[in-house]
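Colleague: Protein sequences appear in the order of chains E and Z. Following the numbering used here, the numbering of the first sequence begins with 9 at its first residue and continues without gaps. Following the numbering used here, the numbering of the second sequence begins with 2 at its first residue and continues without gaps.
Treat the hints with care, as some may be off.
[To be verified] With beta-carbon atoms standing in for the labels, derived distance ranges:
| id | chain 1 | residue 1 | chain 2 | residue 2 | range |
| --- | --- | --- | --- | --- | --- |
| 1 | Z | MET282 | E | VAL81 | 30 to 40 Å |
| 2 | E | ALA92 | Z | VAL426 | 45 to 55 Å |
| 3 | Z | ALA52 | E | THR87 | 40 to 50 Å |
| 4 | E | THR100 | Z | LEU48 | 17 to 27 Å |
| 5 | Z | SER463 | E | ALA92 | 32 to 42 Å |
[Claimed, not checked] Negatives, chain Z to chain E, calculated, CB over 12 Å:
| id | residue |
| --- | --- |
| 6 | PRO41 |
| 7 | SER57 |
| 8 | GLU487 |
Note that these hints are calculated values from the structure, not bench results. Cβ coordinates follow ideal geometry from the N, Cα and C atoms, glycine included.
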Amino acid sequence: MSATTLYGLCAASLVGLGLYGAIVHPQPLRKILAFNLLGGGIFLLFGVIARRGATPGMGGDPVPQAMVITGIVVAFAATSLAIALLLRLFATTGEASLRPGAPTPPGNDQAGG
Amino acid sequence: MAQTVGGFLLVLAVILPAGAVLLTLMSGRHAERIALLVMPAGLALALAILAGVWHSGASLVYFLGGWAPPLGIALRADGLAAAMLVTTALVIGAVGLFARGSFSEKAAGAETRAPLVFWTMLMGVWGALNAVWLGGDLFNLYVALELLTFSAVPLVCLDGRAETLAAALRYLLFALIGSALYLLGAALFYGAYGTLDMALLAGRVRAEPVVYVAAALMTAGLLAKTALFPLHLWLPPAHAGAPAAASAILSSLVVKGSFFLVVRLWFDVLPGLPGVPAAQMLGALGAAAIIFGSVLALRQARLKLLVAYSTIAQIGYLFLLFPLATGAAASGIWGSFAWTGGVFQLISHAVAKAAMFMAAGLIGEALGHDRIARFAGIGRALPMTVFAFGLAGMSLMGLPPSGGFVAKLMLLTAAVTERQWWWAVVILVGGLLAAGYVFRVLAPALAVTGRPLVLHAPVARSREAVVLALAICAVLLGLVPLRPSELLQIGRPPLLLDPAP
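All chains, full assembly: derive it from the sequences and hints.
Modeller: Take a look at the structure:
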């Protein structure tokens, strides 16, 4: 098994784990962590693609590497935004959960706008 | 494909709102003034791009930094993108005029952050949407899509109540997983074909497993962001909890951004691939969304939730585009009724839903609540607003002569002429259900009461006028000729392969 295949399989399992965690876990913090795992798998895949597409004499194709850097910045920003929202939710309600009564119940009397 | 004259306009269309965001952040104030100054300029720019596309009869193209794809990134405006640019500028302008009353910096008092965030994020949404309409590179579109999410999420929780925070967080989580799947698909495309430029990809893709996996991942991710049934759970609390001006933007424009990318993916990147079963499946999800969303809208006690569920139903109509357009003769997709009808539904729903959400917001402000059962007499107190709600409702139901009528009639015509009669049944049932939920609001609103209604808060006449003007636009859209539009055929990719069954 070549190195790129090994890393490719590794990326695929990270993506699978992340997706599973994001769907199965009800806690928002775990979902955020799972999203990061999923993102890590995708970035690793970009790395594999860069390595596979390398022209002779170069370590890798620079275009996917540039995309990974952009992707990491975006994922970092997304994680910070999600964490900030979660902290604010915790400060307001005292619990960091989306489940109990979080969606506005139909009988709620607030105009909301 | 080469760069065209006037291509720099495309850069300006993205830069202008982004510049407004930067200027606001740097000065830390005057957010409203900056936004209101930028809006007419943006509308003029969008109209200039539309005129450029129309006169040249071809796409406007710009290569960023002069680097041509595959190394560089292209911005392209075809007829579809130009139409979306103008729609966006129009709706954002109307929402801006409407929000002048509710978020003006002086009126806000203690909480001064909300207006700053609102105007900044409004400009952010605009810039991101323009980047989505114009983007020609799958990775660039990923960044635009994320910008759109990051600008839209704060709009959901502007008032900081716990349930809106939870709604915003749920929306963000759905959107993040969705865009991660999109990015994964883009990575697979790059790995297989060495480019992310849509026009180049269209010439290189073949019917092989990696293409199907990538397309399935990207489509699934985008569906989560578009809130197509059954991935719609995040939408009603998020759209109903936001302030009215923000709801109007979220419901009419933001969900269309990711839908637009599904269209780009299916019809620009993969135009010739045989995908009839997949298109039928998307259509089936759309049909389920129409029925499910409309029935739930009928059952809501609160007006804003009703309007939010109606968005789920109207998104369903958009997805009927896929089975109907791929069912059209392969050579004639762009000239078919299905293509024009689907795009027209995109535009007419954007205008009508923005008007409807703003009307719902005014009613909620005037009464201090939005429980439909206690609407008696509001028709006499706010005649312009209720009339606007009714006009927007006409477009959702598909009554002539509204824009929604033209869109639904074209989809219906396509369904009948292509002998896919099951979609026709869904379109008609959806129209009846829409009539049901609009009349459920209008009947108590227009009921005659003995004593005049005492309003909780006065509503500025100018804001009512903005809502009515937008609702009238939604109706006037119905005056376009009932035939496949020439504008929407400009710059469409040639169909390379014949999708033989």
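Colleague: Mind listing which of the numbered hints don't hold for this structure, in increasing order?
Modeller: Number 4 only.
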